[in-house]
Amino acid sequence: MDYIVSVKGVSKSYGEVQALKDVCFEVKPGEIFGLIGPDGAGKTTLINLLMRFYDVNEGGVYVDDKDIRTVTRRSLRLGYTMVLQDTWLFYGTIFDNIAYGKEGVTRDEVIKVCKAAKIHDFIMSLPSGYDTILSDNAINISKGQKQLLTIARAMLLDSKMLILDEATSNVDAESENDIMQAIHSLAGKKTIILISHRLANVVHSDCIYAMSNGRVIEQGTHAELLARQGAY
5 MDYIVSVKGV
15 SKSYGEVQAL
25 KDVCFEVKPG
35 EIFGLIGPDG
45 AGKTTLINLL
55 MRFYDVNEGG
65 VYVDDKDIRT
75 VTRRSLRLGY
85 TMVLQDTWLF
95 YGTIFDNIAY
105 GKEGVTRDEV
115 IKVCKAAKIH
125 DFIMSLPSGY
135 DTILSDNAIN
145 ISKGQKQLLT
155 IARAMLLDSK
165 MLILDEATSN
175 VDAESENDIM
185 QAIHSLAGKK
195 TIILISHRLA
205 NVVHSDCIYA
215 MSNGRVIEQG
225 THAELLARQG
235 AY
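In this note's numbering, each residue's number is its place in the sequence shown (first place is 1) plus 4.
None of these hints come from the bench; they were simulated from the model. Everything hinted at is true.
List of simulated lysine-lysine pairs, DSS-like, C-alpha gap at most 30 Å:
hint : residue 1 : residue 2
1    : K25       : K164
2    : K12       : K193
3    : K147      : K193
4    : K116      : K193
5    : K116      : K147
Kindly produce the complete structure, drawing on both the sequences and the hints.
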């Protein structure tokens, strides 16, 4: 699969509350796709549909022209890696946390992705380097460092699509810059969906879709959207 993702006329309601209404877009292989809008705009609902945590009420979501409702959830999700606002790390070494999910990973492979994710120098500054033990949920390192570790782990996996849902919202400006550099280093290698309520995180996307109240209200590049002087 090349992972061309198409969302066609998708609507989704939770009881009487309509979260999405007639949403359409396409994500091309290897591009960085920005999805921006305020809280409640429907961004995360779209990702939940893409991952099939829920199914659509109307329309369809397609991967390589195949309706995702016709494939197993397991096979669908093997194509994606997600990095969320809330990080998940476990008690164990830094190496084990990054290598988690991919069997037979070498130390050289882990070091390579950590350098790309701008976290290698920090790891090497620790007394035990990659063998440093993280406490439960890694409370002994900063939020930005946690997020860079989870991005390194995501980069290590073979999935063709990386989804980042507000992945920089809990970090300081310096850490956010490092995270965005790490993400953009993957351009052309993975398809990346960036979900954010912050304009700065999507400006370098190949295509940006702005959402409000469950609808796509504008689409284009950063320059194109600025030139229109609309809601974006």
